[in-house]
Amino acid sequence: MANPPGMIDPRIFESLQSKIDEDAEVRDQIREVLQSLDRQGRTAQSILSRAHSTPAAHLQAVIQSAEAAIKDEVESIGKLANITSNSPYYKYNNMWTRDVQNVVFSVLFCGWLGGVGESGVATEPGKLFTIEEVGKILNVPVNLKDRDAFHITIEEYLQSLITLIEELSRLAINSVTLGDYQRPLQISQFVKDIHAGFQILNLKNDSLRRRSDSIKYNVKKIEDIVYDLSLRNLVPKAEPTAP
Amino acid sequence: MSDKLQEMPGVKRHHDGIEKEAGSRTSPFMPMFEFFRNELDEHHDRRERIIKASRDITAASKKIIFSLQRVRSLKGTIPPKIAAETQERAAAMQQQFLSIAPDLAGINAWRYQRQISGGIQEYMEAISFEHYLRHQKLISIEEAAASLPANVDLTADDYVLGIFDLVGELMRFAITTMATTGSLPGSKNDEDPAQDRDILVDLRSLRTSFEALDTASCGGTGLGKDVEKKMEVMKTCVEKVETAVYGMIIRGRERPKGWVPDLADDRAPVESF
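Taken in order, these protein sequences are the chains called W and U. Numbered per UniProt numbering, the first sequence finishes at 243, counting up by one with no gaps. Numbered per UniProt numbering, the second sequence finishes at 273, counting up by one with no gaps.
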């Protein structure tokens with residue numbers, strides 16, 4: 001080891017080593033939370049998957065279990081926000097962004113089915129939660145710019161939105177199988193509205209761009225279902241109450 | 001044709017959506033996406049400004065290093081012509097840093113870390129080389145950070161990776177100096193001759209320090225990703241100087257003055273990362 005009169009002040013490498021060790025410790029703590037978040041994410045998604053085989057009239061049970069699963073996820077997100085509160089947000093963001101995207105997707109899908117009550121946001125079937133509402137449900141800030149803390153980013157929200165579209169295109173097919181010819185129409189309109197939104201974004205050549213390119217295929221897939229239904233006169237008439 | 005279409009019940013507008021409106025209906029999510037668009041545009045603009053500045057800083061740093069490689073002595077004053085050149089470039093570099101400092105403020109410091117990191121590492125290499133030529137000391141992370149404008153953070157990773165590259169520059173400096181002056185650069189301590197140090201001693205202490213650094217915990221992230229490769233290059237550099245010193249001692253007097261070891265192949269691995 002170099003002595004103080006040498007080239008290297010030994011404190012330099014000592015402090016580097018302690019910085020590396022601190023960093024490793026934070027990573028370990030994050031990994032631990034992510035492990036449970038990952039498992040909770042699987043649980044929530046497997047529950048929500050039951051929506052594909054459940055008629056709309058009986059969805060309530062699915063929604064309730066999904067809400068309970070989401071509650072667990074919210075708790076883990078809270079832990080994550082807590083242990084990373086002293087670290088720069090973007091330093092470790094890439095460790096959890098996939099898991100967070102999964103959680104946001106679960107919230108969005110559950111919300112579209114009409115769930116995630118008791119979180120202070122209005123619910124209603126067919127609804128798209130805004131990023132602010134998602135933040136409220138997850139109990140974390142969104143799109144933070146003025147301070148450095150845990151939050152949900154716009155990119156994460158949009159990524160989850162694309163996953164929602166993929167899920168809804170599957171649901172459109174399965175609704176027909178369940179004899180529900182109404183829901184594909186509702187999905188078709190919803191997905192088209194989101195697609196229109198994505199089209200005004202100036203996306204660079206990143207993962208969001210690549211995934212958003214896939215939206216149009218889902219739009220087409222859903223349109224084909226609507227076409228199949230209308231061709232066979234299976235589309236329900238608009239409700240008389242509608243103007 | 002259009003009549004037929006209208007009779008068809010499947011035409012998209014016919015469903016009981018709450019937001020249903022006949023004719024030209026726009027997506028209810030448009031305001032939300034307009035907001036997202038503005039936010040993302042800002043983000044991409046910032047990102048591009050930083051990438052460009054990082055590239056310019058890298059180029060300026062490389063030029064500073066080239067100029068400094070013409071220095072032939074340690075701990076002396078840097079010849080005025082070279083000093084003028086490097087100062088001019090350093091000032092331009094400071095301007096570059098200042099221009100993106102607002103983009104790197106607060107939470108964005110780490111957001112664009114990957115974009116600015118290349119420039120900062122090259123900058124580290126340049127200022128640590130200059131610091132070494134002037135003082136024959138390794139610049140500390142605090143000293144290096146202080147030379148950057150506020151808002152521009154120097155991460156430990158960038159510091160370490162910059163110092164790894166410094167070894168390559170020291171190797172070139174040592175070998176060129178040996179070839180042109182016939183002796184290994186070093187410094188004398190008038191009060192205590194036991195503390196005389198040459199550049200080989202310094203390179204070896206750098207190598208020892210690097211080897212002792214435990215980066216296993218970094219895994220595939222940040223430091224862990226690059227360290228392995230840089231470690232190999234660093235060791236090779238030190239060994240080259242060791243071999244050159246050996247050669248100088250054994251065959252030094254037989255070698256024609258001005259003989260330069262073949263560095264053509266060495267350049268690439270040192271610079272590429």
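Keep in mind the hints are simulated off the structure, nothing from the lab. Be careful, since some hints might not be right.
[What the hints assert, rightly or not] Here are the simulated SDA-like cross-link-like pairs (lysine to any residue), alpha carbons at most 20 Å apart as the crow flies:
#1 W:79 to W:25
#2 U:240 to U:72
#3 W:71 to W:39
#4 W:91 to U:154
#5 W:192 to U:27
#6 W:19 to U:39
#7 W:91 to U:118
#8 W:91 to U:72
#9 W:91 to U:183
#10 U:225 to W:22
#11 U:225 to W:204
#12 W:204 to U:216
#13 W:192 to U:35
#14 U:240 to U:208
#15 U:137 to W:15
#16 W:192 to W:210
#17 W:221 to W:163
#18 W:220 to W:234
#19 U:240 to U:205
#20 U:137 to W:25
#21 W:216 to U:29
#22 U:137 to U:204
#23 W:216 to U:240
#24 W:145 to U:43
#25 W:216 to W:234
#26 W:204 to U:48
#27 W:192 to W:221
#28 W:145 to U:216
#29 U:230 to W:17
#30 U:225 to W:17
On a predicted model such as this, the values are computed, not experimentally measured, just so you know.
Verification of the supplied hints:
At most 20 Å may separate the alpha-carbon atoms for a hinted pair to count; residue 79 (chain W) and residue 25 (chain W) meet this at roughly 15 Å. Note on residue 240 (chain U) and residue 72 (chain U): the hinted pairing holds, with a Cα-Cα distance of about 19 Å set against a maximum of 20 Å. This hinted pair checks out: residue 71 (chain W) and residue 39 (chain W) have alpha carbons roughly 13 Å apart, not beyond 20 Å. Restraint check for residue 91 (chain W) and residue 154 (chain U): the C-alpha separation of about 13 Å stays at or below 20 Å, so the hint holds.
Between residue 192 (chain W) and residue 27 (chain U), the direct Cα distance comes to roughly 8 Å. Compliance with the 20 Å bound is thereby established for this hinted pair. The hinted pair formed by residue 19 (chain W) and residue 39 (chain U) fails the criterion: a straight-line CA distance of about 33 Å is larger than 20 Å. Distance hint between residue 91 (chain W) and residue 118 (chain U) is fulfilled; the C-alpha atoms sit about 16 Å from each other, no more than 20 Å. For the given pair, residue 91 (chain W) sits about 41 Å from residue 72 (chain U) by alpha-carbon distance, which is inconsistent with the 20 Å threshold.
Of the pairs offered as hints, the one joining residue 91 (chain W) and residue 183 (chain U) is violated, with about 46 Å between alpha carbons and a cut-off of 20 Å exceeded. Taking the CA atoms of residue 225 (chain U) and residue 22 (chain W), the gap is about 18 Å. The hint holds against a cut of 20 Å. At roughly 26 Å between alpha-carbon atoms, residue 225 (chain U) and residue 204 (chain W) are farther apart than 20 Å, so this suggested pair is violated. For a cut-off of 20 Å, the pair hint linking residue 204 (chain W) to residue 216 (chain U) is broken: about 35 Å separates their Cα positions.
As the CA atoms of residue 192 (chain W) and residue 35 (chain U) are separated by approximately 19 Å, the hinted pair is consistent with the 20 Å bound. With a C-alpha separation of about 16 Å, the suggested pair residue 240 (chain U) and residue 208 (chain U) falls inside the 20 Å cut-off, and the hint holds. Restraint check for residue 137 (chain U) and residue 15 (chain W): the C-alpha separation of about 17 Å stays at or below 20 Å, so the hint holds. Taking the CA atoms of residue 192 (chain W) and residue 210 (chain W), the gap is about 18 Å. The hint holds against a cut of 20 Å.
Simply put, residue 221 (chain W) and residue 163 (chain W) have alpha-carbon atoms about 15 Å apart, close enough for the 20 Å limit, and the pair holds. A hinted pair counts as satisfied when its Cα atoms are at most 20 Å apart, and residue 220 (chain W) with residue 234 (chain W) qualifies at roughly 19 Å. Taken as a hint, the residue 240 (chain U) and residue 205 (chain U) pair is honoured in the structure, with Cα atoms around 15 Å apart against an allowance of 20 Å. Proposed proximity of residue 137 (chain U) and residue 25 (chain W) is contradicted: the alpha carbons are some 31 Å apart, above 20 Å.
A distance of roughly 17 Å separates the Cα atoms of residue 216 (chain W) and residue 29 (chain U); the hinted pair therefore holds under the 20 Å criterion. Between residue 137 (chain U) and residue 204 (chain U) the alpha-carbon distance is near 13 Å, which keeps this suggested pair within the 20 Å criterion. Only pairs whose Cα atoms come within 20 Å are accepted, and residue 216 (chain W) paired with residue 240 (chain U) is rejected, the gap being roughly 58 Å. Restraint check for residue 145 (chain W) and residue 43 (chain U): satisfied, since their Cα atoms lie roughly 11 Å apart, inside the 20 Å limit.
At most 20 Å may separate the alpha-carbon atoms for a hinted pair to count; residue 216 (chain W) and residue 234 (chain W) exceed this at roughly 24 Å. Of the pairs offered as hints, the one joining residue 204 (chain W) and residue 48 (chain U) holds, with about 11 Å between alpha carbons and a cut-off of 20 Å not exceeded. Using a Cα cut-off of 20 Å, the hinted pair residue 192 (chain W) and residue 221 (chain W) holds, with the two alpha carbons roughly 12 Å apart. With a CA separation close to 33 Å, the supplied pair residue 145 (chain W) and residue 216 (chain U) exceeds the 20 Å bound.
A distance of roughly 17 Å separates the Cα atoms of residue 230 (chain U) and residue 17 (chain W); the hinted pair therefore holds under the 20 Å criterion. Distance hint between residue 225 (chain U) and residue 17 (chain W) is fulfilled; the C-alpha atoms sit about 16 Å from each other, no more than 20 Å.
The structure is inconsistent with the numbered hints 6, 8, 9, 11, 12, 20, 23, 25, 28, although it conforms to all the rest.
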